[in-house]
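Heads up: the protein sequence lines correspond to chains W, F, V, B, Y and L, in order. Just so we're aligned, residue 1 is where the first sequence starts under full-length UniProt numbering, counting upward by one. Just so we're aligned, residue 1 is where the second sequence starts under full-length UniProt numbering, counting upward by one. Just so we're aligned, residue 1 is where the third sequence starts under full-length UniProt numbering, counting upward by one. Just so we're aligned, residue 1 is where the fourth sequence starts under full-length UniProt numbering, counting upward by one. Just so we're aligned, residue 1 is where the fifth sequence starts under full-length UniProt numbering, counting upward by one. Just so we're aligned, residue 1 is where the sixth sequence starts under full-length UniProt numbering, counting upward by one.
Quick caveat, the hints were computed from the structure, so don't treat them as lab data. Check each hint, because a few of them may be wrong.
What the hints assert, rightly or not - Here are some chain W residues pointing at chain L (derived, C-beta under 8 Å):
#1 27
#2 122
#3 125
#4 158
#5 161
#6 163
#7 223
#8 245
#9 249
#10 253
#11 259
#12 260
#13 263
#14 267
#15 268
In this text, all values refer to a predicted model and were calculated from it rather than measured experimentally. Ideal placement from N, C-alpha and C gives every residue a C-beta, glycine not left out.
There are 6 protein chains.
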Amino acid sequence: MFYTDNKLQYPVRVEKPNPLFARALQQAIGGVEGEIRVAMQYMFQAWGARGDNKFRDLLLNTAAEELGHIEMLATAVALNLENAPLSMQEDVSSDSIGGAVLNGMNLRHILSTGLAALPENANGVPFNASHVYASGNIAADMSANVTAESSGRVLAVRLYNMTDDPGMKEMLSYLIARDTMHQNQWLAAIEELGGNEEVFPIPNSFPQDQEAREYSYVYMGFQADGSEPAPGRWSEGLSIDGNDSFSTRPMDPLGEEPALGRARPNSGAQAEQM
Amino acid sequence: MFYTDNKLQYPVRVEKPNPLFARALQQAIGGVEGEIRVAMQYMFQAWGARGDNKFRDLLLNTAAEELGHIEMLATAVALNLENAPLSMQEDVSSDSIGGAVLNGMNLRHILSTGLAALPENANGVPFNASHVYASGNIAADMSANVTAESSGRVLAVRLYNMTDDPGMKEMLSYLIARDTMHQNQWLAAIEELGGNEEVFPIPNSFPQDQEAREYSYVYMGFQADGSEPAPGRWSEGLSIDGNDSFSTRPMDPLGEEPALGRARPNSGAQAEQM
Amino acid sequence: MFYTDNKLQYPVRVEKPNPLFARALQQAIGGVEGEIRVAMQYMFQAWGARGDNKFRDLLLNTAAEELGHIEMLATAVALNLENAPLSMQEDVSSDSIGGAVLNGMNLRHILSTGLAALPENANGVPFNASHVYASGNIAADMSANVTAESSGRVLAVRLYNMTDDPGMKEMLSYLIARDTMHQNQWLAAIEELGGNEEVFPIPNSFPQDQEAREYSYVYMGFQADGSEPAPGRWSEGLSIDGNDSFSTRPMDPLGEEPALGRARPNSGAQAEQM
Amino acid sequence: MFYTDNKLQYPVRVEKPNPLFARALQQAIGGVEGEIRVAMQYMFQAWGARGDNKFRDLLLNTAAEELGHIEMLATAVALNLENAPLSMQEDVSSDSIGGAVLNGMNLRHILSTGLAALPENANGVPFNASHVYASGNIAADMSANVTAESSGRVLAVRLYNMTDDPGMKEMLSYLIARDTMHQNQWLAAIEELGGNEEVFPIPNSFPQDQEAREYSYVYMGFQADGSEPAPGRWSEGLSIDGNDSFSTRPMDPLGEEPALGRARPNSGAQAEQM
Amino acid sequence: MFYTDNKLQYPVRVEKPNPLFARALQQAIGGVEGEIRVAMQYMFQAWGARGDNKFRDLLLNTAAEELGHIEMLATAVALNLENAPLSMQEDVSSDSIGGAVLNGMNLRHILSTGLAALPENANGVPFNASHVYASGNIAADMSANVTAESSGRVLAVRLYNMTDDPGMKEMLSYLIARDTMHQNQWLAAIEELGGNEEVFPIPNSFPQDQEAREYSYVYMGFQADGSEPAPGRWSEGLSIDGNDSFSTRPMDPLGEEPALGRARPNSGAQAEQM
Amino acid sequence: MFYTDNKLQYPVRVEKPNPLFARALQQAIGGVEGEIRVAMQYMFQAWGARGDNKFRDLLLNTAAEELGHIEMLATAVALNLENAPLSMQEDVSSDSIGGAVLNGMNLRHILSTGLAALPENANGVPFNASHVYASGNIAADMSANVTAESSGRVLAVRLYNMTDDPGMKEMLSYLIARDTMHQNQWLAAIEELGGNEEVFPIPNSFPQDQEAREYSYVYMGFQADGSEPAPGRWSEGLSIDGNDSFSTRPMDPLGEEPALGRARPNSGAQAEQM
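Can you make the complete structure from the sequences, with help from the hints?
Below is the structure:
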């Protein structure tokens with residue numbers, strides 16, 4: 001169950017509203033690297049978590065935090081839209097360069113919301129919940145969360161670098177800090193699960209003797225001339241899960257050219273295919 | 001540039017075709033955990049890779065492998081659709097239980113492809129390329145790849161457990177093995193980049209003194225009653241990036257209730273809002 | 001800012017798990033009539049609300065409630081998936097009717113979540129945030145909310161009628177009751193704004209003498225034979241907004257056949273079009 | 001069955017073509033507030049209408065009108081694209097401000113249609129038919145239609161305010177007038193069904209003694225500090241459906257923390273979860 | 001401008017309602033091979049048609065026909081849903097095989113429409129208007145229409161073969177006949193434009209001496225072993241557009257391995273990439 | 001199985017980077033007329049091809065070529081983003097016209113990829129695999145491929161006309177040439193299948209005496225006034241498939257107004273509908 005107090009988790013202040021930056025901020029709301037995604041991801045992971053309850057707790061608690069981040073960013077979008085032009089006429093008069101402001105705007109900020117945020121990304125593409133990864137495997141979920149917070153912090157850093165508004169920089173410095181924590185937090189959860197050697201390969205419950213083990217630690221080459229691809233940590237030495245040693249070899253096809261045979265009557269194919 | 005030889009990377013054999021399993025296999029083709037996604041993800045990461053070229057090499061090489069996995073799975077879908085019913089009449093006659101086979105089918109396997117695979121998931125939702133994560137940050141990309149291969153192996157294991165067809169189990173044991181390698185491979189790439197302490201927080205190029213550092217390693221509580229959420233590795237001890245120590249505290253709002261003010265004339269609001 | 005306490009708003013109990021009903025319940029989570037939609041809709045309306053703050057308050061408060069409804073339904077899905085078959089073998093053995101259970105399942109409940117809920121609808125289509133209506137016009141928003149709660153209660157009633165599980169009926173009787181309240185609540189907000197005569201036509205801030213007033217209260221006929229369409233309250237009497245009287249008339253085209261002229265060179269058209 | 005005469009329902013005239021306004025107009029074609037949506041919505045509602053046939057009639061008749069509105073807007077888009085730049089060179093030469101026109105364009109207006117309309121919104125997102133609400137409940141449908149016409153008129157007003165082209169203003173004044181009528185028309189349909197007290201709660205066919213009646217008219221508070229949210233018409237007095245009185249109270253969780261138990265073997269979870 | 005008369009273009013009769021066939025029919029409504037797509041495609045092509053007006057006429061006239069096909073199919077879906085089970089209880093009692101009918105249904109036919117059609121495909125995926133091809137090039141449009149009617153007739157044939165209901169077979173025999181006509185009609189339009197030699201390559205307005213002409217009629221081989229791919233009409237003889245002769249040759253890369261260089265500071269990359 | 005050699009199929013060179021053109025090029029990568037679509041389409045057609053294996057061969061070989069085209073275009077996007085502004089500050093300083101460059105950019109080129117390509121179109125809409133047409137009917141597939149290459153060449157020509165960068169013009173002249181070949185190639189495949197008279201109507205395996213033959217070659221009129229629509233090759237003379245002669249006639253409804261009857265109890269309708 002969830003509660004609210006109508007206040008902002010951290011102050012949101014805009015000194016010089018910028019409708020283009022409002023568009024950019026949308027990526028942090030409704031983009032695949034954004035806050036709607038992590039809020040929903042942590043909730044659905046929590047609601048499907050089986051096993052030790054502490055992970056459910058951790059996930060729901062962080063989900064509540066992320067809901068507040070969406071709120072901060074939505075407020076930031078609205079504040080950046082203060083005094084944005086509503087018409088061609090205003091646009092021209094507000095700037096000696098005709099059309100410059102409207103050109104760069106998400107027009108739905110005018111047409112659909114009357115100068116407020118939308119649950120969509122910087123290109124106006126609505127958030128799609130297929131990006132909510134909740135696998136029922138706690139380690140795969142933690143890995144997905146490290147990824148989400150990594151791309152999230154990359155995005156926040158780029159937004160920080162894009163703006164020179166002190167208020168926006170301050171808000172983003174908070175969100176960047178929280179992403180630092182969250183990256184560490186999900187990595188810590190992997191450590192709590194035993195670290196890379198216990199956790200991988202995910203899922204660790206599948207008996208490795210049932211996989212085609214001779215292909216499990218080989219860096220295969222798919223170079224057209226049969227040469228070996230560039231070596232690295234992935235081509236020699238102990239595997240990261242500690243279960244074997246890496247090796248390398250070029251790959252040849254182990255199967256034949258498949259043949260599906262003739263089409264069946266009544267299957268809608270051309271007569272020649274039957 | 002890419003080449004083909006029309007052959008299968010690994011043998012694909014179906015002893016007892018099962019149209020329901022054909023539907024399930026679609027998840028490994030066009031699902032978010034599937035092979036189209038990783039093939040495209042590794043390609044786009046490669047094409048945007050800056051810095052040391054060996055990562056570009058590694059990515060493209062593995063992308064070529066994944067293209068062959070899509071091919072194997074698409075072939076497996078077609079083979080599982082052999083003799084699937086094309087009509088209500090066939091359905092009834094093939095089984096004493098009316099409708100059972102058609103009920104469980106992806107009807108587009110009949111209606112749209114004439115018994116062949118589609119680039120969509122097990123529920124018939126087409127693959128959407130927003131799932132291709134290619135961030136321009138090599139570490140974020142590697143993390144995304146660990147995640148993709150983790151959810152990919154979880155899926156392959158579930159498919160392996162779902163079927164009792166020996167041919168399908170054999171094919172899946174190969175794909176599971178390759179996912180084992182790929183999880184290790186991308187983890188190895190993170191190690192090649194210096195391991196967790198060098199790599200995190202991602203991006204490591206942002207000066208941490210510009211983030212709101214006092215919030216960077218705190219596990220904040222958002223419990224309605226102000227209590228602390230469940231402790232764990234994430235609430236005390238050295239942070240995983242090695243830059244600080246974790247601490248815990250309940251969070252109170254640092255901002256106020258925001259006020260956007262009155263709506264502007266000509267903004268399409270109700271008169272009462274202006 | 002948001003908080004949680006990890007508890008369910010209302011008890012969720014399943015006596016006889018039913019994976020098909022788990023699929024049906026997904027519509028109330030990720031369908032267009034579902035709870036993710038209203039939770040997000042009320043939040044974004046709140047964050048864009050201008051004018052009297054009480055509406056912002058009302059919206060955020062109800063958003064917090066809806067978050068708890070998603071949680072209840074996600075839990076109900078997981079409980080309905082208890083003991084669902086994970087394989088063809090289990091499916092056959094659990095029921096004398098081969099394939100019956102797996103046939104009706106959302107296969108991603110096995111393959112993608114390991115028996116837990118997803119943010120998608122009963123057909124497996126992910127929630128898409130374009131369904132979040134937040135217009136910046138408080139009356140249009142309230143009308144959208146009446147609509148959302150109307151389709152939401154219709155859905156909840158259909159789910160109630162579909163199941164005979166006492167625990168599920170109990171949970172749904174609560175959700176139906178809340179939809180009753182929410183329909184009334186948003187209608188009350190329209191009354192608070194002055195009722196139909198003050199509120200309509202939305203937006204009420206546009207001067208009606210600037211619209212083509214002679215067409216503002218006419219029920220026009222588009223019948224191929226020029227006849228009048230069926231009369232009703234909409235074809236005569238005082239308009240609902242109280243501003244005029246309804247009338248009826250068949251419509252003839254007021255414009256001509258448009259002509260775009262020839263295609264321009266270099267526009268990619270065929271030579272014949274230029 | 002449908003017919004056409006190739007003529008425009010109302011004259012469409014553009015004095016000064018403006019490619020940016022062409023982009024804006026797309027919202028009224030393929031946006032969620034646009035004309036494709038209402039045309040399809042009224043058709044599908046009609047085709048699923050059960051009970052008194054006059055609603056089917058009303059819906060189909062209005063659907064035919066809306067098809068003509070799409071046509072008007074598509075023509076308006078094409079006319080606004082007259083002489084739009086097709087290249088960087090033209091763009092520079094047509095305006096002393098480099099790039100200004102192309103910057104603001106929907107590039108698909110050049111690349112995909114050769115200067116004509118698309119079935120997508122102002123951000124280039126294609127229309128998605130999940131926005132077609134046709135519930136099988138005539139009252140829910142009428143409410144959805146009031147909503148659609150409300151957001152539609154808000155949009156048309158914003159477009160009217162955005163442009164200073166007399167031809168465009170004239171066309172929009174007609175569309176605004178028709179939205180006035182359509183809001184009134186669907187409200188009139190609700191009145192024909194008996195007005196708010198007969199119609200609500202939707203569906204009115206569900207016996208209210210089967211809902212958890214004690215929660216049906218309570219304005220519940222979800223404030224973190226247990227305080228009451230802002231009062232209003234929704235917190236006291238007779239309910240709008242006339243069936244009870246509103247009351248208010250803070251909400252405490254009625255359920256417990258849910259526990260899903262351990263993961264099953266073969267479910268793809270980590271070993272620790274089993 | 002469009003008109004209606006509320007009647008069906010062709011009789012729609014269902015002798016034995018079948019909810020599974022209702023699901024299948026959805027593909028012909030909202031699938032990529034379906035009628036919403038062609039109706040919208042012909043409209044948008046018409047509204048963007050430049051040059052000789054007869055194509056605009058032809059397109060709009062056929063669009064009107066297709067609107068009537070959607071209507072027929074939507075009616076057929078509703079009739080096939082007559083007496084479909086609304087609940088687990090009804091499902092069990094209607095058939096000795098538990099769950100069989102509900103298992104195969106589009107559950108939204110119950111939950112979202114109350115036994116009527118939806119604008120989505122056989123898998124429940126909503127129609128997406130990105131499938132509306134209207135290029136501004138009349139020949140490309142005609143080619144797209146041949147394709148649409150080809151996949152449309154393949155689909156209608158598969159539906160015809162799937163059912164044994166005489167009423168449905170009769171309706172489909174009409175739709176198949178119309179697809180026959182429409183394939184011929186759009187092919188005739190290509191002939192009217194001069195036939196393959198005049199029309200191709202599309203667009204025929206681009207001077208072929210500006211393309212890299214030495215690659216314009218070569219069947220290139222991308223076989224890993226450098227061998228030639230299977231020969232055919234495409235590898236020798238006069239080209240179909242009559243402008244040159246086909247030849248064959250294996251392809252070697254003409255470009256080098258690209259290098260994007262180091263990442264820029266402030267671009268959110270890892271430090272190692274800069 | 002697929003292979004790579006990391007090299008570009010054709011040189012990609014950008015003399016004067018242009019971030020707006022980078023956005024435009026995205027249409028050729030992830031647009032419906034783009035290269036991801038054809039690459040995937042040819043692969044899925046190949047993997048579902050039944051009958052003579054030479055078509056499978058042809059399709060896979062061309063798919064491999066198209067993969068290399070995506071690679072070329074992705075490289076071209078990255079090169080066009082060289083020195084694009086990363087911030088408001090850089091934007092202002094790089095150009096005397098404030099905001100001009102950022103205004104026209106796909107902001108995800110900064111925020112999501114750090115100056116590299118995305119699998120989305122020129123408006124930022126991600127590629128959706130529902131555009132992959134693979135019907136199981138070899139002739140329908142070849143027709144779809146002619147269409148794809150036609151819209152592809154139209155797009156490439158428009159991009160060629162849009163830019164004045166010599167490097168980009170050179171790359172596009174190659175892609176245009178290949179589209180010329182591919183249009184011819186798929187037309188040649190239709191000829192190999194026997195040409196229009198053998199191939200059409202697609203599917204040619206359906207006995208035409210089972211279609212409602214009297215409507216198979218009639219150009220029907222749907223004009224509101226009953227007049228005949230504009231005549232052409234489609235209204236008289238031998239049909240293109242050679243099976244009959246075209247004729248023309250106005251269409252009257254052959255069916256009645258449908259009636260679905262009353263709604264069932266428990267179906268969620270209003271009481272008045274039952």
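So which of the earlier hints does this model not fit? Result: hints 8, 9 break, sorted rising.
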